Amino acid sequence: MAEYEQIGSNNPDGMKFGLAATNKLSHFGATPVVQQTKPGTLTGASDSTAVATAVNLLTTALTNLGLVA
Numbered sequence: 001m002a003e004y005e006q007i008g009s010n011n012p013d014g015m016k017f018g019l020a021a022t023n024k025l026s027h028f029g030a031t032p033v034v035q036q037t038k039p040g041t042l043t044g045a046s047d048s049t050a051v052a053t054a055v056n057l058l059t060t061a062l063t064n065l066g067l068v069a
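Using the numbering used here, the first residue of the sequence shown is number 1, and each one after it goes up by one.
Keep in mind the hints are simulated off the structure, nothing from the lab. These numbers were taken from a predicted model, which means no experiment stands behind them.
Distance ranges between label pairs, derived from CB positions:
(1) G14 x V34: 18 to 28 Å
(2) N56 x S9: 33 to 43 Å
(3) P39 x M1: 42 to 52 Å
(4) M1 x V34: 36 to 46 Å
We treat Cβ as the ideally placed atom computed from N, Cα and C, and that holds for glycine.
With the sequences and hints as input, model every part of the structure.
This is the structure:
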């Protein structure tokens with residue numbers, strides 16, 4: 001049977017990781033980083049360059065956090 005470690009205190013209000021945007025966090029052995037920024041809001045008929053830029057920023061943020069390789 002697999003053994004797992006559990007993080008949590010069964011608090012009904014939930015749990016926080018990092019109390020400020022400058023606190024660093026990572027997953028899966030990645031180097032911890034501060035809170036990542038999101039791309040600007042895309043409105044209406046955004047051009048393909050704006051969409052590509054937004055997708056690239058999100059991909060970079062997920063990679064920096066170690067959530068994707």
